[in-house]
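*Asks:* In the UniProt record's numbering, the protein residues as written are 1 to 158.
No wet-lab data here; the hints were simulated from the structure. Since we're looking at a predicted model, the values are computed, not measured. One or more hints might be untrue.
Derived pair list, reagent style EDC-like, types lysine to aspartate or glutamate, alpha-carbon separation capped at 20 angstroms [claimed, not checked]:
(1) Lys100 with Glu128
(2) Lys71 with Glu41
(3) Lys110 with Asp12
(4) Lys100 with Asp112
(5) Lys124 with Glu146
(6) Lys150 with Glu8
(7) Lys71 with Asp95
(8) Lys153 with Asp112
(9) Lys81 with Asp12
(10) Lys71 with Glu85
(11) Lys124 with Glu46
(12) Lys71 with Glu46
(13) Lys150 with Asp12
(14) Lys110 with Glu146
(15) Lys81 with Glu111
(16) Lys81 with Glu128
(17) Lys124 with Glu111
(18) Lys100 with Glu80
(19) Lys153 with Glu2
(20) Lys150 with Glu106
(21) Lys100 with Asp126
(22) Lys150 with Glu2
(23) Lys100 with Glu90
(24) Lys81 with Glu139
(25) Lys110 with Asp17
(26) Lys110 with Asp48
(27) Lys100 with Asp12
(28) Lys110 with Glu139
(29) Lys71 with Glu122
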Amino acid sequence: MEGSPCHEFHTDLPATDVWEVYGSLVLGQLVPQLLPQVLSEVELVEGDGSVGTVLLVTFPSAGASGPVSYKERFTMIDDEKYIKEVAVIEGGVLDLGFQKYVVRFEIVGKEDGTTIIRSTIEYKVDAEQTSNASIVSTEALAAIAEAITKYIKEQMSL
């Protein structure tokens, strides 16, 4: 079973400002601070924020019924088109029968100066584990887009 749910968040921020966060390691540093209920910690395992960088992502442990952590690798970063892809490479959903789990962030600048933060999850799950596909949700990505937008606006007003 395969799927690719997508979420779009519209903001009045310029795409360049949004990409400064999404296109770098800053995103992983901010999410545990802004949304500790989504991620409790993001640690740099190797790399400098470019393609090949590996992060260890840890979920809050309170009441955890699924995996508590996973490793992800930056597999594509396009600083011209503002696209970043991150693949789960160890643990997490891979332990639940997923063969592929990739998150793509696209920062789309509009002619009117507004921006769309498009977050897409591409996944493939083993045939005998298809019931686990129900855990795939863009809800956390939507919360991240909203929190990051709010954070950038607050920083700009300082």
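*Asks:* Give a verdict on every hint.
*Replies:* For each hint, the structure was consulted:
Pair hint Lys100 plus Glu128 holds up; C-alpha atoms about 15 angstroms apart against a cutoff of 20 angstroms. Restraint check for Lys71 and Glu41: satisfied, since their Cα atoms lie roughly 12 angstroms apart, inside the 20 angstroms limit. For a cut-off of 20 angstroms, the pair hint linking Lys110 to Asp12 stands: about 10 angstroms separates their Cα positions. Pair hint Lys100 plus Asp112 does not hold up; C-alpha atoms about 36 angstroms apart against a cutoff of 20 angstroms.
For the proposed pair Lys124 and Glu146, the alpha carbon gap of about 27 angstroms is over 20 angstroms, so the pair is violated. Proposed proximity of Lys150 and Glu8 is supported: the alpha carbons are some 16 angstroms apart, at most 20 angstroms. Proposed proximity of Lys71 and Asp95 is supported: the alpha carbons are some 12 angstroms apart, at most 20 angstroms. With a C-alpha separation of about 18 angstroms, the suggested pair Lys153 and Asp112 falls inside the 20 angstroms cut-off, and the hint holds.
In summary, the hint linking Lys81 to Asp12 is supported, as the alpha carbons are separated by about 18 angstroms, within the 20 angstroms threshold. A hinted pair counts as satisfied when its Cα atoms are at most 20 angstroms apart, and Lys71 with Glu85 qualifies at roughly 14 angstroms. Using a Cα cut-off of 20 angstroms, the hinted pair Lys124 and Glu46 is violated, with the two alpha carbons roughly 26 angstroms apart. Among the hinted pairs, Lys71 with Glu46 is consistent with the structure: their alpha-carbon atoms are about 11 angstroms apart, no more than 20 angstroms.
Of the pairs offered as hints, the one joining Lys150 and Asp12 holds, with about 11 angstroms between alpha carbons and a cut-off of 20 angstroms not exceeded. Between Lys110 and Glu146 the alpha-carbon distance is near 18 angstroms, which keeps this suggested pair within the 20 angstroms criterion. For a cut-off of 20 angstroms, the pair hint linking Lys81 to Glu111 stands: about 15 angstroms separates their Cα positions. Distance hint between Lys81 and Glu128 is unfulfilled; the C-alpha atoms sit about 37 angstroms from each other, more than 20 angstroms.
At most 20 angstroms may separate the alpha-carbon atoms for a hinted pair to count; Lys124 and Glu111 exceed this at roughly 35 angstroms. Restraint check for Lys100 and Glu80: not satisfied, since their Cα atoms lie roughly 26 angstroms apart, outside the 20 angstroms limit. A C-alpha spacing of about 36 angstroms is found between Lys153 and Glu2, which places the hinted pair above 20 angstroms, so the restraint is violated. Proximity of Lys150 to Glu106 is assessed by CA-CA distance (about 18 angstroms); at most 20 angstroms being required, the pair is judged to hold.
The straight-line distance between the Cα atoms of Lys100 and Asp126 is roughly 10 angstroms, inside the 20 angstroms bound, and the hint therefore holds. Our distance criterion of 20 angstroms between C-alpha atoms is broken by Lys150 and Glu2, whose separation comes to about 33 angstroms. Straight-line distance between C-alpha atoms of Lys100 and Glu90 comes to about 11 angstroms, which keeps the hinted pair within the 20 angstroms bound. Between the alpha carbons of Lys81 and Glu139 the distance comes to roughly 24 angstroms, so the proposed pair goes past 20 angstroms and is violated.
Taken as a hint, the Lys110 and Asp17 pair is honoured in the structure, with Cα atoms around 13 angstroms apart against an allowance of 20 angstroms. Taking the CA atoms of Lys110 and Asp48, the gap is about 30 angstroms. The hint is violated against a cut of 20 angstroms. Distance restraint check for Lys100 and Asp12: the Cα-Cα separation of roughly 33 angstroms exceeds the 20 angstroms cut-off, and the hinted pair is therefore not satisfied. For the proposed pair Lys110 and Glu139, the alpha carbon gap of about 24 angstroms is over 20 angstroms, so the pair is violated.
Distance check on the hinted pair: Lys71 and Glu122 sit about 16 angstroms apart at the alpha-carbon level, within 20 angstroms; holds.
In the structure shown, a violation is registered for the earlier hints numbered 4, 5, 11, 16, 17, 18, 19, 22, 24, 26, 27, 28, in ascending order.
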